[in-house]
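Engineer: Protein chains in written order, with our numbering: chain E, 1 to 214; chain H, 215 to 516.
Since the hints were derived computationally from the structure, they do not count as laboratory data. Beta carbons: idealized from backbone N, C-alpha and C, even for Gly. It is possible that part of the hints are untrue.
As the list claims (entries may be wrong) - Chain E stretches covered by chain H per the calculated footprint, using a threshold of three residues with CB under 8 Å from any CB of chain H:
| no. | segment |
| --- | --- |
| 1 | 109-123 |
| 2 | 180-187 |
What the hints assert, rightly or not - Ranges between beta-carbon positions, derived for each pair:
| no. | chain 1 | residue 1 | chain 2 | residue 2 | range |
| --- | --- | --- | --- | --- | --- |
| 3 | H | I358 | E | A122 | 51 to 61 Å |
| 4 | H | G291 | E | F145 | 15 to 25 Å |
| 5 | H | G291 | E | L23 | 55 to 65 Å |
| 6 | H | P467 | E | E149 | 42 to 52 Å |
Here's the letter readout for the chains.
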Amino acid sequence: MIKLYNYDLSVNCYKQRLMMGILGIDYESIPVDFFPGQEHKSEAFKEVNPLGHIPVIVDGDYTLRDAHAILVYLAAKYDPSGCWYPSDDPELIGELSQWMLFAEGTTNTASAARLHDNLGYAFDIDALRSGAHQLFRVLDEHLWFREREGKDWVCSADHPTIADLAIFPDVMLSEEGGISRLPYPAIRRWTERVRRIEGFTIMPGIQEAASLAI
Amino acid sequence: MTTTVEECTDPVALSLWHPVVAVAELNPQEIQTTLLLGYQISYGLRNDGSLGAARQDQPRVELPVRSRYGYLWVCLGEPRGDVFDIPEAEEADRRTLNAASIMVNTSAPRAVENFLDMGHFPFVHGGFLGVEPHTEVVDYEVTIENSEVWARQCLFYQPQAAASASGGQISEYTYRVPHPYCVMLTKSSPTDPSRQDVIGLFIQVMTQERIRAHNFLSVLDEDSSDTVLKRFQQIIFSQDKPILENQYPKLLPLDPRVEVPIRADKSAIAYRRWLSELGLTYSVIPGDQNSTGQATTGQRSL
Ligand SMILES: [Fe+2]
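Okay, chain E solo, but in the shape it has when bound (with noise of 0.2 Å):
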């Protein structure tokens, strides 16, 4: 069974614990002492994973760190139907990958506005903040023009892929950075969407959709 060291309020792990929910994979948490603990930073961490951070996944005896490269083996290797990670269409693969790296941005500007607010981390919080909007509002943008074309997703496909779920919780968790989604209602039109995938599931401050649709 796969192992996923895990910690339950890291938006990196939850990409992971979304993914394998939806392709409906069996895996083992193994609980990481973040905070306080600061076990990822451990000399026995660093076994695991030298950079020192989670989430990790072993697979047999494979073992990948960084969150959007193990999206990436989860679905290639776990989903049949190869929508969530289309490699046999070059275009499709090429924005998918461009939004993968966009959900770095979000994750070292949203997510870390997030590791501040609550946890006290030592960041230029106003900087990481504007960054943050800086990429809402390009997301913002995108999303609006792909409901236009009658789209629902990030990438130009009809269905979500795991750049979807690669953005949604950095842009989730957004508001516990002190970052509101107010001004993004096409970001939060798809928010919505996003919590509709079968197999969806939760974490602390992002719940499942409303009963009715917006």
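Once you have looked at the hints, place chain H with the ligand on chain E.
Structural biologist: Using the frame of chain E, we list chain H with the ligand on its own:
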């Protein structure tokens, strides 16, 4: 926080002991800084193991400090007595730890009231501390004893009451508010029902509308790892956080005519009345005045 904040002038709040950090999370000779009642303070652990704290604008003036129940407590004024006692936590065979110190945009009394309220369990902590349709809060007993608020015989159906619980049970809680900004509950331990587990929320009041909530745990549990114990409390508290951050006004109104109570709020009513009697003004909207918090300074208004 880059905005300047108003420093507390409330003599009641200034004379209290305030939790600032879990001592286990301090490294010797490392100076940390934080905000307490609007004052920037520095604190740290000396090589000889002693603790020290000072306001940053008065670095040579040592503030009174205490080390109790795993936390560093600091007083910004003249302390009246010691940090409150937790008799259960003195027992030798216990696991006592800080589950997490989490910052929240709310006032301390709002967080205390939320902690006292069982009515939200099925809706906010569904599957853990409550579950629908078991939503009824049966009547319980509230008293003021030794200048503390106590609520007893608080019964509630809980599907998973603790990290070590393996099924649903009716839990009986006793709540205790020994300090305007600290609250705890005791309940019988799943591993030894004749004894009590203690869960506390010791709140560091950073400003009137921002707190660092120290989640205190003192349990009889030899099996669960620290990580598992912390994890359970962190999930529970993270479920409360968005609820707390969406309450308005953030300061707690003490006027009994504001926010009409229901029966389940019996302990909240006693808590608000007790705060009024203490004369606390920091983090509340005093009952007999129209301005917010620290009303006597006249520096704030809604
Ligand atoms: Fe709660």
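Engineer: Between the segment 109-123 of chain E and chain H, are there enough contacts, at least three residues with CB-CB distance under 8 Å, for the coverage claim to hold?
Structural biologist: Held - the segment 109-123 of chain E has 4 residues with a Cβ nearer than 8 Å to chain H, which meets the minimum of three.
Engineer: That 55 to 65 Å hint for G291(H) and L23(E) (C-beta), does it hold up?
Structural biologist: The hint (55 to 65 Å, Cβ to Cβ) holds, given that G291(H) and L23(E) are roughly 58 Å apart.
Engineer: State whether the coverage of the segment 180-187 of chain E by chain H holds or is violated, taking the criterion as 3 or more residues with Cβ-Cβ distances under 8 Å.
Structural biologist: violated (count 0)
Engineer: Confirm or reject the claim that P467(H) and E149(E) have a C-beta distance inside 42 to 52 Å.
Structural biologist: 50 Å, holds
Engineer: Does the Cβ distance between G291(H) and F145(E) fall inside 15 to 25 Å?
Structural biologist: 59 Å, violated
Engineer: Given the hint of 51 to 61 Å, check if I358(H) and A122(E) actually sit that far apart at their C-beta atoms.
Structural biologist: Violated: the Cβ-Cβ distance is about 42 Å, outside 51 to 61 Å.
The structure fails hints 2, 3, 4 (numbered hints given earlier, in ascending order).
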